[in-house]
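Peer 1: Whenever a hint applies, use it, and build me the whole structure from the sequences.
In order, the protein sequences belong to chains D and E.
Be aware that the first sequence starts at 1, since it is given in full-length UniProt numbering, and climbs by one per residue.
Be aware that the second sequence starts at 1, since it is given in full-length UniProt numbering, and climbs by one per residue.
Derived from the structure by calculation, the hints contain no laboratory data.
Honestly, I wouldn't trust all of these hints.
To be verified - No farther apart than 30 Å at their CA atoms in a straight line, the calculated lysine-lysine pairs in the DSBU-like style are these:
| hint | chain 1 | residue 1 | chain 2 | residue 2 |
| --- | --- | --- | --- | --- |
| 1 | E | K2 | E | K223 |
| 2 | E | K158 | E | K223 |
| 3 | D | K65 | D | K46 |
| 4 | E | K19 | E | K210 |
| 5 | D | K74 | E | K73 |
| 6 | D | K11 | E | K158 |
| 7 | E | K158 | D | K65 |
| 8 | D | K74 | D | K41 |
| 9 | D | K24 | D | K74 |
| 10 | D | K65 | E | K73 |
| 11 | D | K74 | E | K158 |
| 12 | D | K11 | E | K73 |
| 13 | E | K218 | E | K158 |
| 14 | E | K2 | E | K218 |
What the hints assert, rightly or not - Interface residues of chain E toward chain D, partial, derived using beta-carbon atoms under 7 Å:
| hint | residue |
| --- | --- |
| 15 | R58 |
| 16 | D106 |
| 17 | L108 |
| 18 | H148 |
Computed from a prediction, not measured in an experiment: that's the story for all the values here.
Glycine included, C-beta positions come from ideal geometry on N, C-alpha and C.
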Amino acid sequence: MITARIHVTLKQSVLDPQGTAVTKSLHALGYAEVQDVRIGKFLELKLDTADRAQAEARVTDMCEKLLANTVIEKYEFELVEA
Amino acid sequence: MKFAVLVFPGSNCDIDAVKAVEDVLGEAVEPVWHTTTDLSGYDAIIVPGGFSYGDYLRCGAIARFSPVMEAVKQAAAEGKFIIGICNGFQILTESGLLPGALRHNDHLQFRCAISPLVVENNSTPFTSDYAQGQVIHIPIAHGEGNYHVDEETLSRMKANNQIVFRYYEHNPNGSLERIAGVCNEAGNVLGMMPHPERAVHQLLGSEDGKALFTSILKAWRDKQGA
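Peer 2: Right under this line is the structure:
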C-alpha cells in the first residue's frame, strides 16, 4: 500500500482571491508579518500497489487529467508507504 | 432544427434553456441525460448552467468525464453548434473544447445581477442577429466566472477573433480583459458566463438573449441551404 499526498495550488502567476482574503484577515488580527497566503487543495490517495515507479506515473496521470487544471493550477505530490 | 439540452446531476438551468428554445424559436428541443452517448440526432447542443456533480473538486471537472462529453466532442468536430452557459462554459473549458479556465470571482462574492455586455464579435453563428459593438443586458449568476487564459493563448484568440462578449464598463468578477464569452477557433463552440436563456422576455427584465437563439437558427438554416 502506498499513500499519495497531493497538493494542488494556483500557479504563482494566477491571482488567488481566497489567499488574498485570508491575508487581509490575518493582518486585521495583528499578524502583520504575513506577506502572502496561497490556498490550495490537499488530496490523500490510498493506492493498492507496492510499485513506486508505477504509482508515480499513475498519480501524475491523475493530476494531469482530473485533479489539477493545469491551465491555472500546479501540483506536487509525495508517495509514502502506508 | 433540433436542440439537445444536456442534463448532469446538479444542472439547474436546463429547463430554462429548453423553455427559451421553445418560446423564442418554436423548434424541437429535448433534455438529454448525461449518460447518453449518441447526439447524432441533434443539430445544436446546449450545456446549461448549474452545479454539475456539486462542483466538487472544481467547477465542471467531473462533468467533463460524463459519457455524453465524448459525443459533444464529436459534434464539435462535425461543426455542430454548441453553447455552454455558466457551468456549461466551465465544463467546456475543462474538456478542452474552449481555451482558458474560470477562477473564483476576485472579490470572492457570488454575483447575481443583470449585467451589460458588449458584443465583440457578431460574425459567429451565435451573435449574427446582434450589431457589432451592441450593448446588451444579460443576467449573470456565478461565484466562479473569473476568466483566465495565458498571454500567448490570449493573443492567438484575439488574432482569431474568439472573444465574443465582454462585460461593459464594470467587471463583475475580475475576468481577464472583462471577457464574458469566448468561442473556439472554428467558431461553432461558444462559452459564456451570462445566461441568455434568462433574458428572453421583458417580464424577466430583458429580452436581449433572444437574438442569440435566433442567430443559431439562422446559422443552421444558412448551413442547410449551402
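Peer 1: Looking at the structure, which of the earlier hints fail to hold?
Peer 2: none
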